[in-house]
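Asker: Produce the complete structure using the sequences and hints provided.
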Amino acid sequence: MDEQEKIKKTSQETEWELKPQYVIIALVVFVTFCCCILFFFMIYRYNGFTDFWKKLSLILQPIIIGVAIAYLLNPIMKFLEGHLLKFLEPRMKSKCKAKKTSRGIAITGSLVFLVGICVLLVAAIVPSISASIQSMITSFPQEAKNLTKWVDEVTNGDTELASMIQQGVDKITDTVETFFEDDIFSKVQTYLTSITSGVIYGVKFVLNVIVGLIISVYVMADQEHFAGQAKKIVYAMFKPVRANVIVDTVRKSNEIFSGFISGKILDSAIIGVLAYIVLAIMKMPDTVLVAVIIGVTNVIPFFGPFIGAVPSFIIIVLQNPIQGLYFLIFIVVLQQIDGNIIGPKILGSSTGLSAFWVVFAILVFGGLWGFPGMLLGVPLMAVIYYVAQKTVSYFLKKRGLTTDTLAYVYLTKVDKESNQPVYDKNPSKKELKKHHGKHIEESIEESKKEE
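Letter by letter, the sequence shown follows residues 1 to 451 of full-length UniProt numbering.
Just so you know, the hints here were simulated from the structure itself, not pulled from any lab data.
Incorrect hints may have been included.
Calculated pairs, DSS-like style, for lysine-lysine (alpha carbon to alpha carbon, straight line, at most 25 angstroms) [stated by the list, open to error]:
#	residue 1	residue 2
1	Lys413	Lys390
2	Lys54	Lys283
3	Lys86	Lys100
4	Lys95	Lys78
5	Lys93	Lys78
6	Lys231	Lys99
7	Lys99	Lys86
Answerer: Structure (structure tokens):
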């Protein structure tokens with residue numbers, strides 16, 4: 001008996017106790033070490049790192065597509081599920097069974113909706129776009145002559161202006177004609193190789209989309225379980241205060257991204273349909289092609305309308321210069337309506353960013369990641385802005401200072417002894433309303449009350 005107690009006591013003494021603080025320290029050291037290695041390879045092995053990242057993204061493409069589809073279809077699925085649940089719960093004995101049945105029908109309905117929209121768009125748009133492109137290729141030489149004739153008529157009497165415009169028109173037409181007549185035949189082998197690789201990539205992408213659709217079903221079906229697992233990990237690794245901040249930030253990020261993306265897609269669809277209706281009434285050439293270009297490029301904030309207007313204008317002006325001018329006027333009016341009426345109604349204040357930060361996000365993230373960066377840069381910047389705002393507000397409150405930005409416009413300094421704000425002047429109400437709106441006056445008054 002004594003020997004057994006000694007063995008038990010010895011094993012208890014030698015047993016390693018896993019303390020939470022040591023686990024966190026070990027994790028921090030490990031993550032820091034991994035980040036240092038990653039940073040080193042990014043700097044000194046940039047090509048290898050980019051190749052690895054491309055290969056990894058190709059491997060994960062079905063999962064990325066599946067998660068993206070699930071994220072986009074989630075609002076539709078939730079809408080259908082809510083209505084189905086109200087209908088099935090009173091008619092089924094088990095609430096759990098009613099929940100599962102409504103979830104399954106809602107997922108199926110959302111996928112059918114997505115596939116139906118894609119088939120409808122392809123059936124309606126592809127033939128029209130194909131016919132428009134073929135018509136442009138065959139009629140380009142004649143349209144170029146008509147454009148030259150129109151330039152001569154417009155600049156009649158002004159030889160210098162006519163010469164400048166004519167040189168530009170000749171250069172453009174010569175380049176396009178050379179491409180279609182000479183270059184396109186001399187580079188047939190190159191084009192065939194590119195087409196073959198493009199077809200192979202297209203087939204792979206279609207297969208990845210099919211796998212992604214299957215993955216999206218699992219993601220939508222078990223989304224609450226995945227969210228619970230993520231929260232479980234966060235609360236296991238961090239203290240409740242920090243874990244609450246992380247969960248709140250992720251929740252806010254989801255609100256920003258879902259609100260912005262779904263709102264922008266709906267806004268662009270409305271703009272595309274509206275453009276098609278008005279262009280058809282105005283009897284513009286290649287109405288479907290131009291409307292698709294306008295709708296698709298409108299997804300990109302701020303720069304989208306300008307990006308879409310350029311190729312659309314070229315398509316129209318080559319066939320009818322006068323209608324090209326009317327098209328520019330229409331685009332300006334349409335974007336004013338979108339920017340001041342349709343966009344604010346749909347998007348509201350989903351990002352909370354000023355125009356400067358929108359442009360900043362598009363330029364920076366667009367330069368880093370191309371089209372996806374231009375599309376997702378604005379909500380990503382909104383999340384960064386939100387985190388920075390919360391961090392700054394936390395430290396300001398800790399120091400007993402106001403968190404309202406407008407209260408700092410006329411701030412000179414904060415007194416070291418009293419820790420109170422000092423303003424360089426007391427602006428008049430007229431000046432406040434002129435430069436910052438009347439609510440800055442309230443901010444300064446509140447900060448004075450805090451003193």
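Asker: Please go over all the hints and tell whether each is borne out by the structure.
Answerer: Verification of the hints:
Taking the CA atoms of Lys413 and Lys390, the gap is about 22 angstroms. The hint holds against a cut of 25 angstroms. At most 25 angstroms may separate the alpha-carbon atoms for a hinted pair to count; Lys54 and Lys283 exceed this at roughly 45 angstroms. Taking the CA atoms of Lys86 and Lys100, the gap is near 13 angstroms; set against the 25 angstroms cutoff, the hint holds. Proximity of Lys95 to Lys78 is assessed by CA-CA distance (about 17 angstroms); at most 25 angstroms being required, the pair is judged to hold.
Pair hint Lys93 plus Lys78 holds up; C-alpha atoms about 22 angstroms apart against a cutoff of 25 angstroms. Distance restraint check for Lys231 and Lys99: the Cα-Cα separation of roughly 23 angstroms lies within the 25 angstroms cut-off, and the hinted pair is therefore satisfied. Distance restraint check for Lys99 and Lys86: the Cα-Cα separation of roughly 10 angstroms lies within the 25 angstroms cut-off, and the hinted pair is therefore satisfied.
The structure fails hint 2 only (numbered hints given earlier).
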